[in-house]
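> These are the residues of each chain, in order.
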Amino acid sequence: MFKRVLVANRGEIALRIIRTCREMGIKTIAVFSDADKDSLHVKFADHAVNIGPALSRKSYLNMARIIGVARETKADAIHPGYGFLSENAEFAKACSDGGVTFIGPSAHTIAMAGDKSAARRILTEMGIPVIPGSDDIVLSPDAACGIADRVGYPVILKAAGGGGGRGMRIARTPEELASAFAVAAGEAGAAFGNPSLYLEKYIEKPRHIEIQILGDRHGNYIHLGERECSIQMRYQKLIEESPSCFVDETLRRKLGETAIRVAKAVNYTNAGTMEFLVDKDKNFYFMEINARVQVEHPVTEAVTGIDIVEQQILMAAGRALSLKQEDVRFNGWSMECRINASDPNDNFMPSPGQIGSVIFPGGPGVRMDTHIYDHYMVTPFYDSLIGKLIVWAKDRPSAIRRMQRALAEFEITGIETTIGFYRQVFENEQFQKGEIDTHFLDTMGQTGK
Amino acid sequence: MDEKNHIITSPVMGTFYRSSAPGGAVLVEEGQTITPADIVCVIESMKIFTELRCEHPGIVRRFLVENEDPVMKNQALIEIEIH
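Chains L and V, in that order, give the protein sequences. Read left to right, the first sequence gives residues 1 to 449 (the working numbering). Read left to right, the second sequence gives residues 1001 to 1083 (the working numbering).
This is chain L alone, in the form it adopts within the complex:
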C-alpha cells in the first residue's frame, strides 16, 4: 500500500481525499497556490507545499512542478481529484514516467474517453446506443431530411462551431427541417463564423442519468447503481440523487451492464462514471465517460456504504476488488445540493468575497463536505463550488424533508450563495413528485417560482 499520497487539488475534494487517506493510515501531501495558503487542505494534510501563484495554470495545472513536489516528498501516488489535471492524459503519463502512481485510469484510457467522436465510433460498432444522428456535418436541407428520415423526428440541428443555443433549431417535420436549416446555418455563421451544422435525434424531456463503475487491474468490474443528475443550469449539475425514481430494476440492470461494457471497451481501470441520456420512454443513449471521481460521488457512497475514494486508492495500488456485483446493496435515498458562491438573483453570476460567518447544518443523516469557515476568503480564481450538502434518509420523501430541514439550518453571510434557491426547488411540487428532466430549472424559472 502507498505510504504517502500527494493530493493535486484544492477545496472540498482535497479534504475529502485527505480524510480517507488518514483513515487508511496513509500520509498526505497537499499542494497549494498563494491564494490558498489559509485553506483547510493545507492545514489537514501531513505536509503542504506551495506550488505557485493563484492563477491555476501557474499552480494547480503546473504538471512539472506537481510531479517535482511528489518526487521531492517521496510520494508514491498522486490523487488528482476532479477538474484541474484529473482528465489530462499527458499528466497521467508524466506521473508514471516519473515513477509516481496516478490514482485514476491509464493515460491511454483517458485519451480515448476524451476523444468523443472516436468513442462514439467504437461504441456504435459494439451496438451500444448513442444519440442517433449525422456522423459528420450536414451539407444541405435535402441531406438533413435524409438523415432525419433514418433517425426519426423530432430532430435538432446544432452548430458545429459552438454551443449555447445559437444555431440550434428543433424540427418535427421535413417542412420544418427545410426552413430551420437555413435559419440555423445563418445564425451559426453569424455567431461562430462557421455555418456548419450537425443533426441529431432530439430527445424529448431527457433525464441525465449516470452509472458509477469500479474496475480493477485484474479485469473485475462492478457498478454502484445510478445517480439522477437532471437538475442542471447551463449544463452544470446543481442537485443530484441516488437512486433515481425513474429507474426501475430492469433499467438499472441494463444501464449497469451497458456501463460495464463501455468500461471494458476502453480498458477502464479505477473509478469512473458513464453518463447517459434517458428519454421519457426509458430508451437510453450513452453520452460520455467521466474518467475521474465526480463531485456527486457522495450520494452513491451514502446508499451503498462504499467509500469510493478508498476503492480508488486500493485499485491504484493494484488490489483486486473485494466486492462482487451481488455484494453491492442499495439502502435508502441520498440527495446532494451543490453550494455555489453565485447569485441566483443575478443570473447565477459569480459571487466571490469574504465570508462573514457560517452555520452548518447537522444532525442525523446530514453530511457536509466543504472547505469554508468563518471569515474564509472565497477567491475568484477557482470554480464557485464552496461546499456540498448531502443527506441520507430511508426513502425519497424523507430525504426531501431532511434536505429542507438542513437547508433551513444552513446560513452563510457575506457572499451570495445558492442555498436560498435550493429551498425554493425543494418546495416545488413537480420536483417533489420526481417529475424532472434536464430542462426543469428553465421551466421553473418561466413559471416565476
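In short, the hints are calculated from the structure, not lab data. Beta carbons: idealized from backbone N, C-alpha and C, even for Gly. Misleading hints may appear alongside valid ones.
Output of the computed footprint for chain V on chain L, the stretches with three or more beta carbons under 8 Å from beta carbons of chain V [to be verified]:
#1 53-67
#2 340-350
#3 376-385
Derived Cβ-Cβ restraints for the label pairs, each shown as a range [claimed, not checked]:
#4 L/N345 - V/P1022: 27 to 33 Å
#5 L/S96 - V/S1019: 45 to 51 Å
#6 V/R1062 - L/A182: 44 to 50 Å
#7 L/N267 - V/E1030: 53 to 59 Å
#8 V/I1039 - L/N267: 41 to 47 Å
#9 L/T173 - V/N1005: 54 to 60 Å
#10 V/H1083 - L/G193: 24 to 30 Å
Following the hints, put chain V in place on chain L, whose structure we already have.
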C-alpha cells in the same frame, strides 16, 4: 474627471485580461478608437469570462490596471475619452 471621460469598471471581483486568451493579442491599445461593438477587456471570475465593452464610441486613454492583475468589484479598469 470631466464629462468627456468615461471609466470602465469591473462588474465582479476577478482577474483582468487584456486579451481573449492567455498569451493572445491584446484586444485594444491605448490611443485606439473604439465603438460599442468592441470588446475592450475580459474579466475572469470563478472560471466565468465576462467581456466588457464601452457603451459609447471613444478613444482608449489609459489602462489603470495591468494584464492579469486581480481586480475588485467596481474597480476602475480603463479610462475612455468619449467622442
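> Now, for every hint given, state plainly whether the structure supports it.
Structure-based check of all given hints:
1. 53-67: The restraint on the region 53-67 of chain L holds, since 3 of its residues have a Cβ under 8 Å from chain V and three suffice.
2. 340-350: holds (count 4)
3. 376-385: Per the Cβ count (5), the hint holds.
4. L/N345 - V/P1022: 27 to 33 Å: 31 Å, holds
5. L/S96 - V/S1019: 45 to 51 Å: 35 Å, violated
6. V/R1062 - L/A182: 44 to 50 Å: With a Cβ separation near 46 Å, V/R1062 and L/A182 satisfy 44 to 50 Å, so the hint holds.
7. L/N267 - V/E1030: 53 to 59 Å: 55 Å, holds
8. V/I1039 - L/N267: 41 to 47 Å: 44 Å, holds
9. L/T173 - V/N1005: 54 to 60 Å: This hint holds: roughly 57 Å between Cβ atoms.
10. V/H1083 - L/G193: 24 to 30 Å: Because 29 Å falls inside the window, the suggested range holds.
Hint compliance for this structure: hint 5 is the single one not met.
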